[in-house]
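Trainee: Listed here are the chains, written in short residue letters.
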Amino acid sequence: MPFLVIGLSHHSSPVTMRERFAFSEAAIPDALEKLRRQTGAAEALILSTCNRVEIYAVTASPDPPAAAALRKFLLDYHRWEEPLEDEIYCHIGARGLEHLFQVACGLDSMVLGETEILGQVKKAYELALRHRHTGGSLNKIFQRAFNVAKQIRTETNIQRGCVSVGSVAVELAEKIFSSLGKHPVLVIGAGETGEKTARALWSRGARNILVSNRSHERALALAQELGGRAIPFDDWAGEFPAIDIVLSSTAAPQHILTRARLEGLMKARKNRPLLLIDIAVPRDIDPEIKFVENVYLYNIDDLQEIADNHLQQRKEEAARCQALIRDKARALLPAAGLIGRPDLAVGNG
Amino acid sequence: MNYGNGVLWQNPRTYFLLAVILYGCSAVYSIFLWRRGFRRDDHINYLLLLAGAALHTWAMIQRGLRFDRCPVNNLYEAMTFVAWTIVAAYLVIGLIPKLRHLGAFVAPIIFGIGVFALMPALDVPYKDQPQFRNGLVSLHAALTLLSYGAFGLSSVAALMYLTLEHDLKFHKLRAVLSLLPPIDRLEKITSRLLWAGFLLLTAGLAFIPFLVKQRPELRLAADPKVPWSLLVWLLYLGLLVLHSRFAQSGRRFAWGAIGAFTFVLLTFWGVNLLSPAHKF
Numbered sequence: 001m002p003f004l005v006i007g008l009s010h011h012s013s014p015v016t017m018r019e020r021f022a023f024s025e026a027a028i029p030d031a032l033e034k035l036r037r038q039t040g041a042a043e044a045l046i047l048s049t050c051n052r053v054e055i056y057a058v059t060a061s062p063d064p065p066a067a068a069a070l071r072k073f074l075l076d077y078h079r080w081e082e083p084l085e086d087e088i089y090c091h092i093g094a095r096g097l098e099h100l101f102q103v104a105c106g107l108d109s110m111v112l113g114e115t116e117i118l119g120q121v122k123k124a125y126e127l128a129l130r131h132r133h134t135g136g137s138l139n140k141i142f143q144r145a146f147n148v149a150k151q152i153r154t155e156t157n158i159q160r161g162c163v164s165v166g167s168v169a170v171e172l173a174e175k176i177f178s179s180l181g182k183h184p185v186l187v188i189g190a191g192e193t194g195e196k197t198a199r200a201l202w203s204r205g206a207r208n209i210l211v212s213n214r215s216h217e218r219a220l221a222l223a224q225e226l227g228g229r230a231i232p233f234d235d236w237a238g239e240f241p242a243i244d245i246v247l248s249s250t251a252a253p254q255h256i257l258t259r260a261r262l263e264g265l266m267k268a269r270k271n272r273p274l275l276l277i278d279i280a281v282p283r284d285i286d287p288e289i290k291f292v293e294n295v296y297l298y299n300i301d302d303l304q305e306i307a308d309n310h311l312q313q314r315k316e317e318a319a320r321c322q323a324l325i326r327d328k329a330r331a332l333l334p335a336a337g338l339i340g341r342p343d344l345a346v347g348n349g
Numbered sequence: 001m002n003y004g005n006g007v008l009w010q011n012p013r014t015y016f017l018l019a020v021i022l023y024g025c026s027a028v029y030s031i032f033l034w035r036r037g038f039r040r041d042d043h044i045n046y047l048l049l050l051a052g053a054a055l056h057t058w059a060m061i062q063r064g065l066r067f068d069r070c071p072v073n074n075l076y077e078a079m080t081f082v083a084w085t086i087v088a089a090y091l092v093i094g095l096i097p098k099l100r101h102l103g104a105f106v107a108p109i110i111f112g113i114g115v116f117a118l119m120p121a122l123d124v125p126y127k128d129q130p131q132f133r134n135g136l137v138s139l140h141a142a143l144t145l146l147s148y149g150a151f152g153l154s155s156v157a158a159l160m161y162l163t164l165e166h167d168l169k170f171h172k173l174r175a176v177l178s179l180l181p182p183i184d185r186l187e188k189i190t191s192r193l194l195w196a197g198f199l200l201l202t203a204g205l206a207f208i209p210f211l212v213k214q215r216p217e218l219r220l221a222a223d224p225k226v227p228w229s230l231l232v233w234l235l236y237l238g239l240l241v242l243h244s245r246f247a248q249s250g251r252r253f254a255w256g257a258i259g260a261f262t263f264v265l266l267t268f269w270g271v272n273l274l275s276p277a278h279k280f
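Here the protein sequences come in this chain order: A and B. If you read the first sequence in our numbering, its first letter stands for residue 1, the second for the next number, and so on. If you read the second sequence in our numbering, its first letter stands for residue 1, the second for the next number, and so on.
Since the hints were made in silico from the structure, they are not lab data. Glycine included, every Cβ here is placed at the ideal spot set by N, Cα and C. Careful: at least some of the hints might be erroneous.
Said to hold, decoys possible - A few chain B positions that, by computed beta-carbon distances, are all more than 10 Å from chain A:
hint, residue
1, R100
2, A206
3, L234
Unchecked claim - In the SDA-like style, the derived pairs of lysine to any residue whose C-alpha atoms are separated by at most 20 Å in a straight line are:
hint, chain 1, residue 1, chain 2, residue 2
4, A, K270, B, R252
5, B, K172, A, S164
6, A, K122, A, L332
7, B, K172, A, N309
Generate the whole structure from the sequences, applying the supplied hints.
Mentor: Structure below.
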């Protein structure tokens with residue numbers, strides 16, 4: 001029995017089109033019922049996320065008619081009557097399995113190597129399983145997909161390293177402090193990037209967050225959201241002895257923290273390690289500060305460089321993952337009782 | 001009493017030699033782990049050290065069984081005991097995957113101690129019987145050697161601290177990719193191991209007055225080991241006081257731990273050879 005994948009993703013279509021084809025979670029069981037009735041698919045599953053809408057099916061009929069039937073169902077279900085070019089793709093047999101494994105491993109995601117998609121695939125599978133739209137073949141295929149995703153995660157570096165400025169800042173903080181919950185964070189300036197980074201720190205356990213901003217109302221609002229405390233902009237230096245992480249993103253035209261000032265403050269801090277994250281342009285923190293002992297200073301370019309390096313490494317690692325996935329897909333084809341032309345990818349006709 | 005003869009496989013030194021070869025392999029492998037920035041949890045190094053430790057333990061057991069007492073009776077045995085303490089502690093700590101990379105720092109140190117211990121001059125045969133005739137002496141030797149083991153481990157943690165600290169300070173990518181523990185934890189580990197070593201050393205040295213009573217012929221005033229031990233004790237006391245009372249933390253503390261242990265390693269054998277009370 002052929003295994004097919006038909007759908008559209010962020011690679012092939014704009015969001016305006018993806019949102020038209022999206023299935024709500026509540027509608028999926030009925031949609032699967034109709035799909036199986038109308039196309040004759042023996043087993044089927046629908047994966048619908050903000051970046052992709054895909055139907056995975058095992059059909060009794062040969063590949064081309066089955067692919068055409070699934071495509072017709074997708075267009076008819078969403079009442080799509082406009083002309084199409086290459087937006088909808090279809091993969092059959094081993095190619096389809098490879099695609100599923102790539103999706104589960106985050107290799108086909110907008111952020112290469114992200115892990116959220118695996119949870120979404122699992123959820124889609126559980127929904128189809130609960131409503132008895134999967135059988136021996138799809139169960140085996142999806143269980144193998146979850147195993148491959150686990151293997152890829154543990155044996156390769158595809159998910160290592162953060163690829164956004166905020167998460168890189170958190171990663172650095174975790175290399176200095178073993179538990180962010182015990183280390184007070186001072187956010188100076190509540191701009192957009194500063195706010196995102198503060199939220200990233202909060203999501204990883206930072207609980208003692210002080211916010212200082214020229215507009216005290218804005219500081220109050222952010223502090224309230226993060227369960228922290230707002231302090232007047234002119235008073236932040238007074239809090240410094242207790243602070244371990246500083247996140248600065250003000251619009252000040254000159255340095256608000258100089259080396260001479262920090263050296264005085266470090267004595268009051270008893271030389272405990274201090275992480276300074278300067279995401280302001282122009283910079284808030286004097287670059288000379290990096291020479292002060294037990295102080296770790298990173299500016300926006302440093303963080304971006306780390307994020308870019310991580311992304312580059314993920315891309316390099318993707319080639320290893322593809323090879324592993326190809327082998328796993330080819331091995332699974334006969335084991336799952338599937339027939340298929342291993343390298344066939346059906347066009348969008 | 002001579003214990004170096006006999007069939008090769010019956011000689012405990014052979015097993016220790018094999019252990020040192022494995023430690024050497026581990027030290028070479030560690031260079032690759034350093035270069036790769038400790039990005040993956042690595043079992044190979046742990047297994048190499050485990051195999052080395054098994055042979056090392058067997059060598060010590062054979063010696064111990066032969067004399068029916070703790071095998072810390074000459075410089076060779078003392079060095080093997082210190083190395084064994086370090087590797088045994090690592091094997092326990094290394095059960096935690098996040099701390100397994102400690103092995104890359106442990107391997108060069110125990111390899112160095114092992115090569116040093118194998119020098120023929122250090123394995124001097126006992127006279128009529130081993131020097132350590134009673135439990136008190138064995139306890140004194142075991143406690144002080146355990147303390148050197150703890151100091152060795154603390155210098156290993158300090159080395160890890162300096163590696164990560166350097167990478168963080170100079171924005172090396174491997175700082176965030178490595179599996180090394182955070183630097184505040186490494187500093188805590190260094191400090192705790194130093195305290196453990198210091199307490200063990202203090203306890204070991206506290207037996208000296210009782211040992212002198214047992215051997216009135218000993219003249220401690222003329223023994224260089226006495227001022228040396230006092231110096232080592234003061235060195236570590238100073239390091240701990242500076243750290244806890246005068247905020248001498250971070251790099252300085254780590255360098256202090258490494259420097260103090262290097263001093264112990266470089267002078268321990270010479271002082272023992274000069275010490276009449278430690279001539280076996």
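Trainee: Hints first: check each against the structure and report whether it holds.
Mentor: Status of the hints after comparison with the structure:
1. R100: holds (15 Å)
2. A206: The assertion about A206(B) holds, with a minimum of 33 Å to chain A.
3. L234: holds (23 Å)
4. K270(A) - R252(B): holds (14 Å)
5. K172(B) - S164(A): This hinted pair holds, its Cα atoms lying about 17 Å apart.
6. K122(A) - L332(A): holds (19 Å)
7. K172(B) - N309(A): Holds, because 11 Å separates the two Cα atoms, which is no more than 20 Å.
Comparing the model with each numbered hint stated earlier shows that all of them hold.
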